[in-house]
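Whenever a hint applies, use it, and build me the whole structure from the sequences.
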Amino acid sequence: MRGNFSSITRMVSAGVIAAGLMSAPAKAADDTIKVGILHSLSGTMAISETTLKDAMLMLIDEQNAKGGLLGKKLEAVVVDPASNWPLFAEKARELISKDKVAAVFGCWTSVSRKSVLPVFSELDNILFYPVQYEGEESERNVFYTGAAPNQQAIPAVDYLMSEDGGSVKRWVLEGTDYVYPRTTNKILEAYLKSKGVAAEDIMVNYTPFGFSDWQTEVSAIKKFGSAGKKTAVVSTVNGDANVPFYKELGNQGIKAEDIPVMAFSVGEEELAGLDTAPLVGHLAAWNYFESVDTPENKKFIADWHKFIKNDKRTTNDPMEAHYIGFNMWVKAVEKAGTTDPDKVIDAMIGVSVPNLTGGYSTMMPNHHITKPVLIGEIQADGQFETVSRTPGLVMGDEWSDYLPDSKDLISDWRKPLSCGNFNVATGKCGGKGTN
Amino acid sequence: MSKSNTILYLDGVSVSFDGFRAINNLSLVLDRGEMRAIIGPNGAGKTTMMDIVTGKTRPDDGEVFFDGEVDLTSHDEAEIAMMGIGRKFQKPTVFESHSIEENLMLALKGPRSIFPALFHRKSAAEARRIDDIIGVIRLGDKRREVAANLSHGQKQWLEIGMLLAQDPKLLLVDEPVAGMTDAETEETARLLKEIARDHSVIVVEHDMRFVRELGVKVTCLHEGSVLSEGTLDFVSADERVVEVYLGR
Amino acid sequence: MIGLALLFLSATLSSLGAAEADLRAIIAKFATAKGFSETGAVVHELAATGDPKVERPLAALADGNLYIRKADSLVLIGKEAGDGVQLSDPLSGAASGEAAKDDITKIKVNNTLRRAIRDALGTLTLGAKDPAVRLAAAGTMFKTPDAANIEPLDTAIANETVASVKALLEQARAASVLVSDRPEADKLAAIQVIGARGDRDAVSLLTSVDANASDAVKQAAAAAIANINSTLAFWDAGQNIWYGISLGSVLLLAAIGLAITFGVMGVINMAHGEMVMLGAYTTFVVQQVIRTSFPGLFDWSLVIALPMAFLVAGFVGFVIERGIIRFLYGRPLETLLATWGVSLILQQAVRSIFGPTNQEVGNPTWMSGSFDVGQLAITWNRLWILVFALTVFGVLLYVMKRTPWGLQMRAVTANRRMAASMGIRTPWVDALTFALGSGIAGIAGVALSQIDNVSPNLGRGYIIDSFMVVVFGGVGNLWGTLVGAFSLGVVNKVLEPYAGAVLGKIVVLVLIVLFIQKRPRGLFALKGRAVEA
Amino acid sequence: MITGRFFAAGADRRIAITIFILLAVAVIVPLLNLAISPASAFHIPSYMVALTGKYLCYALLALSLDLVWGYCGILSLGHGAFFALGGYAMGMYLMRQIGSRGVYGNPILPDFMVFLNYKELPWFWYGFDHFWFAGLMVLAVPGLLAFIFGWFAFRSRVTGVYLSIITQAMTYALLLAFFRNDMGFGGNNGLTDFKDILGFSVQADATRSALFAASAVMLALAVFVTWAIVGSKYGKLLMAVRDAESRTRFLGWRAENVKLFAFTVSAVMGGIAGALYVPQVGIINPGEFEPSNSIEVVIWAAVGGRGTIIGPIIGALLVNAGKSWFTGALPELWLFALGGLFVAVTLLLPKGIIGMWDDWRGNARALRAASLAEEARTAVGVASATSKPARSPARNPGEWSWSDPEPQAAE
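Listed in order, the protein sequences are those of chains A, B, C and D. With numbering that gives the first Met the number 0 applied, the first sequence covers 0 to 434. With numbering that gives the first Met the number 0 applied, the second sequence covers 0 to 247. With numbering that gives the first Met the number 0 applied, the third sequence covers 0 to 532. With numbering that gives the first Met the number 0 applied, the fourth sequence covers 0 to 410.
Keep in mind the hints are simulated off the structure, nothing from the lab. Remember, predicted model here, so these are calculated numbers, not experimental data. Here a beta-carbon is modelled for each residue, glycine too, at the ideal position from N, C-alpha and C. Hints should not be assumed to be uniformly reliable.
Here chain B is said to cover these stretches of chain D; the calculated rule only asks that three of the stretch's residues, wherever they fall, bring their Cβ under 8 Å from a Cβ of chain B [to be verified]:
| hint | segment |
| --- | --- |
| 1 | 223 to 236 |
| 2 | 245 to 254 |
List of simulated lysine-lysine pairs, DSBU-like, C-alpha gap at most 30 Å [as the list claims (entries may be wrong)]:
| hint | chain 1 | residue 1 | chain 2 | residue 2 |
| --- | --- | --- | --- | --- |
| 3 | A | 72 | A | 228 |
| 4 | C | 105 | A | 297 |
| 5 | D | 118 | A | 194 |
| 6 | C | 69 | C | 100 |
| 7 | C | 52 | A | 254 |
| 8 | A | 414 | A | 427 |
| 9 | A | 228 | A | 71 |
| 10 | D | 194 | A | 97 |
| 11 | A | 65 | A | 99 |
| 12 | C | 142 | A | 311 |
| 13 | C | 33 | A | 228 |
| 14 | B | 121 | D | 322 |
| 15 | C | 78 | A | 254 |
| 16 | A | 305 | C | 78 |
| 17 | C | 107 | A | 297 |
| 18 | C | 78 | A | 298 |
| 19 | A | 254 | C | 142 |
| 20 | A | 97 | D | 232 |
| 21 | A | 168 | C | 33 |
| 22 | C | 107 | A | 194 |
| 23 | C | 69 | C | 105 |
| 24 | A | 342 | A | 311 |
| 25 | A | 298 | C | 128 |
| 26 | A | 254 | C | 165 |
| 27 | D | 118 | D | 194 |
| 28 | C | 128 | C | 52 |
| 29 | A | 334 | A | 71 |
| 30 | C | 105 | C | 165 |
| 31 | C | 52 | C | 165 |
| 32 | C | 100 | A | 297 |
| 33 | A | 221 | A | 65 |
| 34 | B | 216 | B | 168 |
| 35 | D | 232 | B | 108 |
| 36 | A | 192 | A | 222 |
| 37 | A | 427 | D | 118 |
And the structure:
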């Protein structure tokens with residue numbers, strides 16, 4: 000059974016422990032290093048973020064079992080920003096000012112990240128952001144361990160255009176109306192056009208958050224796909240809306256062999272809520288799949304099942320991102336010999352740790368990491384099977400080359416440049432300037 | 000029939016709700032300064048008639064004139080109230096969270112727009128007028144009491160007092176003595192007669208003793224139209240009235 | 000594709016049924032093939048033998064059930080059984096022992112390969128005994144026209160006895176004629192045949208008419224397309240209305256329980272959505288039990304879940320009424336606060352018990368897929384939900400209007416004191432009425448679990464829409480809820496293709512606001528004598 | 000003359016004390032934050048200042064809702080919309096102040112417009128580079144929306160639950176509209192990454208303290224204005240409309256105008272609250288339009304005690320402080336605690352905290368009076384007179400009666 004009833008007791012005890020920790024914050028100040036966990040445990044985003052909180056607790060436990068860090072124990076400080084964006088900023092401030100955490104792992108949505116950014120730069124602390132996002136940002140205090148668009152979207156489209164992927168000629172870009180799909184679709188449109196796709200062969204459509212009635216949209220896709228050219232859907236549909244979307248696709252009989260759907264926000268966790276038999280063959284692009292067959296991954300999954308006390312719980316890409324980010328932070332702290340964020344930020348660049356897909360990920364000067372890109376097909380058991388993998392690692396590109404306003408920008412946080420938006424055309428730090 | 004001498008003139012008025020004819024071709028005329036009692040069984044259309052006069056309900060058909068010349072069907076409640084028609088409800092309706100003074104203050108004749116109310120201060124004349132009315136309705140010892148704490152009968156009186164404060168030309172009074180003790184009923188009859196000296200009044204009442212006490216012309220309504228009209232003795236002798244209302 | 004068909008052709012001409020040893024030799028190549036393209040080549044080679052026996056290994060490959068045993072590099076069909084995999088011979092199907100998952104390697108397939116296999120199987124199964132298989136084969140061949148298909152299709156048409164299969168075969172043949180170098184007259188006839196189909200697939204085929212076809216052919220194709228499109232436009236309008244009705248049925252289901260607890264009882268029940276959620280979770284639990292203990296009953300899972308969901312949500316509703324609501328009659332606004340608190344608690348409770356992630360609720364077979372009415376694609380789950388919503392409505396209406404309990408319910412809500420003095424046990428009636436409303440929300444959850452996420456947030460998505468529907472229809476009137484739900488659904492869906500999903504919804508909300516100005520008591524307001532009476 | 004009444008004879012001591020406390024807090028908190036060394040026990044950390052500043056904005060919002068709900072019986076489930084609109088007006092000003100310091104360095108266009116390929120500033124962004132204009136819009140946009148919405152709704156005599164639901168529809172529609180990226184308000188991400196307000200860095204402690212002080216002073220002002228309105232003849236009229244709308248009509252008052260004025264004033268107050276809130280939290284996003292946010296405001300007012308001036312303030316402060324504490328202390332269980340709190344308050348404190356307090360004090364005084372009376376064996380009946388609550392429990396403001404065929408049969 001997926002829902003584990005013993006989890007109630009676990010929840011209660013976790014709550015009690017957390018309460019205990021919170022009520023005595025001053026006592027433990029010296030002999031532990033505190034790590035903040037800023038993920039929504041209630042509200043609309045709890046569905047995705049709770050898992051990441053548990054993953055972080057597991058990683059911290061494991062590190063403590065290995066003897067902690069710098070001779071001290073690590074201590075997790077969990078708060079609930081409740082899917083409320085201003086509350087993210089408030090809680091971030093609380094973690095840094097009141098609990099004096101050494102680093103924070105957290106956020107999922109772009110807006111939550113945007114909301115806490117000023118707090119992190121003002122109070123000079125570190126945020127590890129584990130989710131694929133739209134790029135167009137590089138901050139000194141943030142390390143982006145999720146994918147930038149070039150680590151997900153572009154290889155995915157490349158695969159679909161290849162012979163293996165079905166030589167797709169006609170594209171539906173279906174997304175939820177917010178900044179990640181908008182930006183990704185903008186990049187993709189520019190990219191597709193540069194590959195010779197005509198404007199009338201691209202259809203872009205947006206739906207609201209949590210959209211549940213997909214009848215009209217799916218039939219529009221069907222219609223668009225019946226123009227005699229091989230058609231694919233690139234979906235940036237977010238979270239909750241995916242389940243009804245796929246259910247409708249299945250029921251209206253859209254088969255992956257005819258119109259494959261390539262998703263960037265659908266992972267093992269989302270599929271867990273679905274009967275995947277009718278969806279076999281639809282695709283997703285990530286940097287990690289639970290099905291990846293490496294010793295590191297097997298150990299990670301086994302540890303996870305043990306920690307969460309449920310063999311059915313899946314792992315997913317953002318969890319791997321936290322795994323990488325946390326190990327990088329540990330390494331950087333050891334390298335710097337202190338948890339002082341200023342020093343750790345400098346020590347982070349160039350740190351290399353094993354990822355779960357059988358290679359090493361390195362923190363680049365732009366605060367993004369190198370990752371392999373995997374394309375997977377949905378299987379009947381709710382897992383993905385890797386059907387394509389980039390030959391090498393792909394470096395996260397924060398400023399897309401396919402957007403006119405960002406193509407001249409680069410980010411390099413090494414001294415002496417230390418700039419998140421350096422303009423190579425003008426040789427100045429500070430963006431592109433007037434159009 | 001000439002309208003010009005009337006205070007209220009209804010001719011051929013009909014109204015129906017979802018097919019039910021509440022008022023059916025009703026004609027009624029009230030002269031200036033007249034007091035009229037209206038009786039009739041439940042559902043005869045008494046309250047609906049008052050709704051029509053006060054602008055709460057629009058008639059489907061027919062003419063309603065006030066003061067000989069004003070067509071009431073084209074005005075709403077507030078306008079009609081400002082012209083000088085006051086109304087007392089069947090169930091006493093006062094502002095329960097306000098004191099008696101405040102109740103009367105809100106009813107006093109005067110400008111009825113927002114900003115004057117916002118910056119209003121009680122003038123000496125207004126205070127005197129309120130004192131007068133409190134005297135008339137005999138609630139002098141409770142003037143600062145919240146209306147919610149008044150007895151049923153006292154609320155009826157307060158409501159009548161509010162009508163007086165409005166200084167209307169025509170008063171519509173719906174069942175003023177319902178739920179009153181005998182003593183209170185007598186008192187109320189006296190009060191109404193006093194008021195009727197310089198106002199036109201329509202009283203709806205079931206209490207025949209009270210109607211007799213008023214000693215005025217009576218109209219009996221039935222199924223939305225006038226069944227009989229005349230002195231109380233005349234009406235109560237009418238076979239049809241006995242049939243539908245008074246009972247044998 | 001042409002190559003494949005040629006190979007197929009030559010294979011059928013030379014020898015019908017290659018030697019089994021030859022087939023095994025080709026199948027063995029799967030073990031050494033690297034990447035999808037090499038596997039694809041093996042598939043083509045296998046198909047080219049034209050031997051019906053290759054259907055088994057190819058179908059297994061398409062389903063991802065073809066494995067290589069690491070020990071001896073033998074290619075075998077595998078079927079998962081518990082922790083291990085049951086192996087069998089790819090050609091004969093004879094059992095070939097069991098293996099642990101680590102001892103075998105799955106031969107990977109992707110969409111392109113699956114499609115290639117599907118096409119290959121299409122031609123291979125043209126002569127199958129089962130008419131349904133032949134129909135599927137004809138359908139595949141229609142979508143993958145090829146000049147080389149004409150001859151086998153001609154043979155198949157000549158032998159075909161089932162009319163529907165024959166018609167589809169003829170369309171497939173016409174499609175193939177269109178891409179061949181047959182004379183113009185043949186092509187014009189083919190366009191006639193395809194045009195008669197009148198659906199999107201026909202348009203798709205006709206639009207891809209070769210650019211160097213003769214003018215007459217192009218004109219005929221263009222005319223056929225225009226003709227089909229004009230009928231399709233009509234069907235599209237129908238489709239939108241159907242979508243609207245379907246959305247309306249979802250709204251009706253979501254709102255109908257609220258029409259009782261809010262509309263009839265006057266409780267501003269913010270926990271209504273959570274009752275729906277409880278129903279959905281009950282369905283999940285029922286399905287889990289069935290999956291683990293009685294897998295054969297799976298198609299009945301929803302039917303079993305219905306009474307369970309009614310009881311679970313009804314019981315929770317009963318407890319809420321007895322524990323909280325009954326202290327709040329006459330203070331409806333307080334019920335808003337208290338039920339809001341209850342909804343927070345219920346959400347968090349479900350989150351704690353089942354976890355925050357979505358739960359999988361499967362569709363029984365009778366609720367999967369779709370069927371066509373003319374050019375209207377109607378999905379079974381939507382149709383059943385519509386039927387279900389109307390049934391619930393009908394039953395509820397009957398209970399309210401025709402049973403003694405319904406009479407008592409209406410009496411209590413109309414005048415509590417009077418009802419009590421007439422000997423009706425009002426507390427009991429209150430509790431049962433609230434439980435009824437909650438229980439109905441629960442069975443709505445069973446239906447909604449088929450089309451939406453089963454997550455702790457399920458209820459939140461429906462609560463606002465439900466209130467809109469009840470208020471729009473007129474509080475306290477069941478018919479109003481019915482008409483309100485369907486009119487909001489249809490308006491929304493008719494607007495959506497033009498305005499987009501977001502703007503469409505905004506327009507609907509603005510329309511509701513304006514409509515309430517016009518009818519301040521909703522669609523089915525009770526008119527009456529002034530209340531001052 | 001209102002001021003005269005204010006200082007006269009402690010007519011409403013509670014209000015005076017509230018205003019005094021708020022003004023004192025406006026001075027003392029910034030002092031303790033800025034002038035005292037962080038090592039001292041009296042130091043108030045910056046995050047506390049920011050947090051309390053936020054609560055004060057919520058309190059102002061709750062007060063504005065109470066003006067229409069508590070005093071006029073209009074249960075608005077869309078007050079969050081006015082708050083958010085005020086916030087957006089302020090956010091647009093702050094966005095324009097970023098100038099060329101955005102990541103793309105575009106001096107005119109905010110970042111989100113740059114990457115959504117806007118070529119020029121949309122017309123409705125004009126003028127927001129001036130503080131006075133933005134300030135005007137903070138008042139005008141929510142006020143105008145409330146005026147237009149109220150003008151239609153009150154004239155059509157939409158009342159009770161119907162009114163509540165269409166206010167909810169209003170905020171829901173605005174939520175969806177602001178979520179659209181094509182609207183030009185930054186879509187889901189909203190407006191963030193503010194730098195300056197009136198030339199001062201929004202992140203500086205001094206600015207934070209100043210914003211805190213501004214919120215406290217504004218709340219004090221709002222308390223005074225609300226008190227003045229409620230105490231005037233218009234205020235009596237407002238409550239009269241709440242208790243017996245038809246009666247006011249038959250007395251010649253235009254109930255729709257009475258409501259419209261209060262609704263508009265209340266919306267403007269909500270807008271001001273939003274405008275003060277945004278620079279303190281650093282983000283404004285369509286999430287503020289969420290209907291559930293507006294429902295929460297209702298809950299604050301109810302917890303504190305509606306129909307009183309300081310009740311909603313206390314409710315907003317308590318509930319939000321509780322929420323902050325619970326989300327940190329019991330991250331996985333806080334919804335149980337919060338939900339339980341709402342249920343408990345409705346069951347045990349139906350009149351809110353202030354109402355309970357008054358009843359308790361009223362009873363205590365009555366008891367004392369009674370015992371005194373017994374001692375003196377005189378003045379019997381005083382106790383019974385004073386122990387009665389000022390407002391009869393039978394008349395709950397703002398309710399619609401359900402037993403009548405038509406809702407809101409107030410008479």
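Hint by hint, here is what the structure shows:
1. Chain B is given as covering the segment 223 to 236 of chain D, and this holds because 6 residues of the stretch bring a CB closer than 8 Å to a CB of that chain, at least three being needed.
2. As drawn, the segment 245 to 254 of chain D meets chain B at 10 residues by the rule of a beta-carbon pair under 8 Å; at three or more, the given contact holds.
3. Under the criterion of a C-alpha separation no larger than 30 Å, the hint pairing residue 72 of chain A with residue 228 of chain A is inconsistent with the structure, at around 60 Å.
4. Proximity of residue 105 of chain C to residue 297 of chain A is assessed by CA-CA distance (about 18 Å); at most 30 Å being required, the pair is judged to hold.
5. About 25 Å separates the Cα atoms of residue 118 of chain D and residue 194 of chain A, which keeps this hinted pair within 30 Å; it holds.
6. Restraint check for residue 69 of chain C and residue 100 of chain C: the C-alpha separation of about 10 Å stays at or below 30 Å, so the hint holds.
7. Taking the CA atoms of residue 52 of chain C and residue 254 of chain A, the gap is about 26 Å. The hint holds against a cut of 30 Å.
8. Between residue 414 of chain A and residue 427 of chain A the CA atoms are separated by roughly 15 Å; this keeps the pair inside 30 Å, and the hint holds.
9. For the suggested pair residue 228 of chain A and residue 71 of chain A, the alpha carbons sit about 61 Å apart, so the restraint of at most 30 Å is broken.
10. At roughly 24 Å between alpha-carbon atoms, residue 194 of chain D and residue 97 of chain A fall within 30 Å of each other, so this suggested pair holds.
11. This hinted pair checks out: residue 65 of chain A and residue 99 of chain A have alpha carbons roughly 23 Å apart, not beyond 30 Å.
12. For the proposed pair residue 142 of chain C and residue 311 of chain A, the alpha carbon gap of about 40 Å is over 30 Å, so the pair is violated.
13. Only pairs whose Cα atoms come within 30 Å are accepted, and residue 33 of chain C paired with residue 228 of chain A is accepted, the gap being roughly 28 Å.
14. Restraint check for residue 121 of chain B and residue 322 of chain D: not satisfied, since their Cα atoms lie roughly 46 Å apart, outside the 30 Å limit.
15. Taking the CA atoms of residue 78 of chain C and residue 254 of chain A, the gap is about 23 Å. The hint holds against a cut of 30 Å.
16. With a C-alpha separation of about 28 Å, the suggested pair residue 305 of chain A and residue 78 of chain C falls inside the 30 Å cut-off, and the hint holds.
17. Simply put, residue 107 of chain C and residue 297 of chain A have alpha-carbon atoms about 20 Å apart, close enough for the 30 Å limit, and the pair holds.
18. Taking the CA atoms of residue 78 of chain C and residue 298 of chain A, the gap is near 26 Å; set against the 30 Å cutoff, the hint holds.
19. For a cut-off of 30 Å, the pair hint linking residue 254 of chain A to residue 142 of chain C stands: about 14 Å separates their Cα positions.
20. For the hint pairing residue 97 of chain A with residue 232 of chain D, the CA-to-CA distance comes to about 49 Å; that exceeds 30 Å, so the pair is violated.
21. Among the hinted pairs, residue 168 of chain A with residue 33 of chain C is consistent with the structure: their alpha-carbon atoms are about 26 Å apart, no more than 30 Å.
22. Of the supplied pair hints, the one linking residue 107 of chain C and residue 194 of chain A holds, its CA atoms being roughly 29 Å apart against a limit of 30 Å.
23. For the hint pairing residue 69 of chain C with residue 105 of chain C, the CA-to-CA distance comes to about 10 Å; that is within 30 Å, so the pair holds.
24. This hinted pair does not check out: residue 342 of chain A and residue 311 of chain A have alpha carbons roughly 40 Å apart, beyond 30 Å.
25. Proximity of residue 298 of chain A to residue 128 of chain C is assessed by CA-CA distance (about 50 Å); at most 30 Å being required, the pair is judged violated.
26. Restraint check: the Cα-Cα separation between residue 254 of chain A and residue 165 of chain C comes to about 25 Å, which is no more than 30 Å; the hinted pair holds.
27. Of the supplied pair hints, the one linking residue 118 of chain D and residue 194 of chain D holds, its CA atoms being roughly 23 Å apart against a limit of 30 Å.
28. At roughly 14 Å between alpha-carbon atoms, residue 128 of chain C and residue 52 of chain C fall within 30 Å of each other, so this suggested pair holds.
29. A C-alpha spacing of about 15 Å is found between residue 334 of chain A and residue 71 of chain A, which places the hinted pair at or below 30 Å, so the restraint holds.
30. Restraint check for residue 105 of chain C and residue 165 of chain C: not satisfied, since their Cα atoms lie roughly 38 Å apart, outside the 30 Å limit.
31. Straight-line distance between C-alpha atoms of residue 52 of chain C and residue 165 of chain C comes to about 25 Å, which keeps the hinted pair within the 30 Å bound.
32. Pair hint residue 100 of chain C plus residue 297 of chain A holds up; C-alpha atoms about 14 Å apart against a cutoff of 30 Å.
33. Taking the CA atoms of residue 221 of chain A and residue 65 of chain A, the gap is about 54 Å. The hint is violated against a cut of 30 Å.
34. Between residue 216 of chain B and residue 168 of chain B the alpha-carbon distance is near 19 Å, which keeps this suggested pair within the 30 Å criterion.
35. Restraint check: the Cα-Cα separation between residue 232 of chain D and residue 108 of chain B comes to about 14 Å, which is no more than 30 Å; the hinted pair holds.
36. Proximity of residue 192 of chain A to residue 222 of chain A is assessed by CA-CA distance (about 22 Å); at most 30 Å being required, the pair is judged to hold.
37. The straight-line distance between the Cα atoms of residue 427 of chain A and residue 118 of chain D is roughly 23 Å, inside the 30 Å bound, and the hint therefore holds.
Checked against the numbered hints given earlier, the structure breaks hints 3, 9, 12, 14, 20, 24, 25, 30, 33 and satisfies all the rest.
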